[in-house]
Structure formats: structure tokens, C-alpha cells
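Chain order of the listed sequences is B and C.
Per the working numbering: the first sequence = residues 1 to 104.
Per the working numbering: the second sequence = residues 1001 to 1154.
Derived from the structure by calculation, the hints contain no laboratory data.
C-beta atoms are modelled at their ideal positions from N, C-alpha and C, and glycine is treated no differently.
Careful: at least some of the hints might be erroneous.
Unchecked claim - Pair ranges (Cβ atoms, derived):
id, chain 1, residue 1, chain 2, residue 2, range
1, B, 71, C, 1080, 47 to 53 Å
2, B, 63, C, 1025, 37 to 43 Å
3, C, 1025, B, 20, 42 to 48 Å
4, C, 1080, B, 16, 25 to 31 Å
5, C, 1032, B, 15, 26 to 32 Å
6, B, 17, C, 1053, 21 to 27 Å
7, C, 1008, B, 83, 36 to 42 Å
8, B, 24, C, 1014, 39 to 45 Å
9, C, 1028, B, 102, 42 to 48 Å
10, C, 1098, B, 13, 57 to 63 Å
11, C, 1008, B, 81, 42 to 48 Å
12, C, 1087, B, 8, 39 to 45 Å
To be verified - Heads up, simulated DMTMM-like pairs for lysine to aspartate or glutamate below, C-alpha to C-alpha not over 20 Å straight-line:
id, chain 1, residue 1, chain 2, residue 2
13, B, 13, C, 1052
14, B, 70, B, 8
15, B, 12, C, 1047
16, B, 70, B, 104
17, B, 12, C, 1152
18, B, 13, C, 1091
19, B, 13, C, 1048
20, B, 70, C, 1059
21, B, 70, B, 60
22, B, 12, C, 1048
23, B, 12, C, 1091
24, B, 13, C, 1047
25, B, 13, C, 1051
26, B, 12, C, 1056
27, C, 1080, C, 1091
28, B, 12, C, 1059
29, B, 70, B, 16
30, B, 13, B, 104
31, B, 12, B, 104
32, B, 13, C, 1056
33, B, 13, C, 1059
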Amino acid sequence: MLISNTQEIPGKKIVEFYGVVSGSTVRAKHIGRDIMAGLKNVVGGELTGYTELLSEARGEAIRRMSYQAKETGANAIVNVRFATSSVAQGAAELFAYGTAVSVE
Amino acid sequence: MELISILVTPVILLGAWITGSILERQHLNSLLLLESGSTDVLAITVEDLPEDWHPESSDLVMGNVVISQDYFKRVAAGIKGVFGGNIGVFEPLLERARREALLRMKAEARARGHNTVINVRLETSRMASAASKGKGTAGVEILAFGTAITVDRG
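Construct all of the structure, not just a fragment, from the sequences and the given hints.
Okay, here's the thing in C-alpha cells:
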């Protein structure tokens, strides 16, 4: 599955559109990470636990989006966008969406 | 006992300020070092390629970082916020985070064997804190993403 955030896959030609595909996941940090991040919050700097959490979650959202695109028979997703929203305390929704297409 | 409770907050503030400043300086130094070594990957926000570029393969690449301000600077920003104006203490934080996210994105592009990232976008989102009923900030996430391509830039 070719994924790109540009209008088309660089160097390829779009032959068919299959519509919007999306994938999302809602993740919460486990309490250990939360406490560590809380402590790190006092001195500032990078909160590595959260960085990893969001990056894993975003990967999962992309996998779900790819799966959906594969179901429709597409071989690429173009114009991918991301959205993040805090749905509840300590939980974040990671959402990825794009247009499933066939390229050659 | 009363004296201790009066002293606790200033001590935490001072400790946070000193540690936070040291961490910030270390981070800025490491950014300078890494940026000087990442000139092999070109990142551009442009989507349309020059006609003589013929990309061979492409990949979606991302780099993210969650960063937070130290306690002292959050308090300082709170006080400054009363008077309004430029909240100077938050500017270096976001700048550091963006540079770091871009570096990570470039590193991923390099790891996948690409030399150019096109259509780079930067997104900022706030992570709500679980401890303070969603009002406080647990950190700010900066995400940099783009399409990595392999191209002979000549």
C-alpha cells in the first residue's frame, strides 16, 4: 500500500478513485506512564512516554486505514491527513484519513 | 512545620527553573549538532515537483515529539498572561519541539533510503492532563509529516 500526503503518488498515475478511507484509534496512557510524565512535567522537556504512545497510536490508525483501502481494492492512499483530539481526560483520538486510489 | 510548607513551593520552582534551563540548553545544543548532520535530506512544503525531478519511490514519513514546559516557566507564563502580550517563555519550547519533529521526520526518510521530503506539514495539538481534570497541559505534541521520495536533485 502506497501512502502519501500529496495529491498523487509521486512518479505514478492515478487510474481510479475509491473514495474516502479512514482509520482511528483512541488510546490512553497507563498509570505508570502518566505518573512518570507528571514528574517530568515539573522540570519540562520531552515526555518520551507520550511521544511513543502517540506515534504507536498513529501507526495503528494508518494500519486500519490501509486495511480499509485494501478491502475496496485500492493500491494507494493519497492526500492523507491527520487529526488529533482529546476525547476524555488522558485519552486521545488519533485519526487518519485519505483518498483510496488505484495507481500504476 | 509551617516554615517547611512555606518553603516547599519556592524550592520546587527554583529546582524546576534550574533543571529546566539545563535541559533546554542541552536540547538546543543537540539540535544544532543534529541539524548540521541532516543536510542530506531536503524538506520542502511544496507539493508540485520541478519537471526534471523523476521520483522513483515514495513513503509517508512522520516525526513527532511531546514536550512540556517546566513548572517555573508555566507559573511565569501564567503571571505574564494577566498582563497579556508576548509570552516569551513559550516560544523557545515550541521552536525546539518543531525542530526536533522535523529532524525525526528526516531521520525516518533517511532510514528508508530517501533524500527528499515534499509537502511537509506541521501540526500542533495539546494533550489534556489527566491530573487536572483536563484543564492543565500535559504537554504539546508537534507532528511533522510529509511524503519522502528518492530523486536525483542534480
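task = State the violated hints by number, sorted upward, taking the hints as numbered earlier in the document.
result = Result: hints 4, 5, 10, 18, 23 break, sorted rising.
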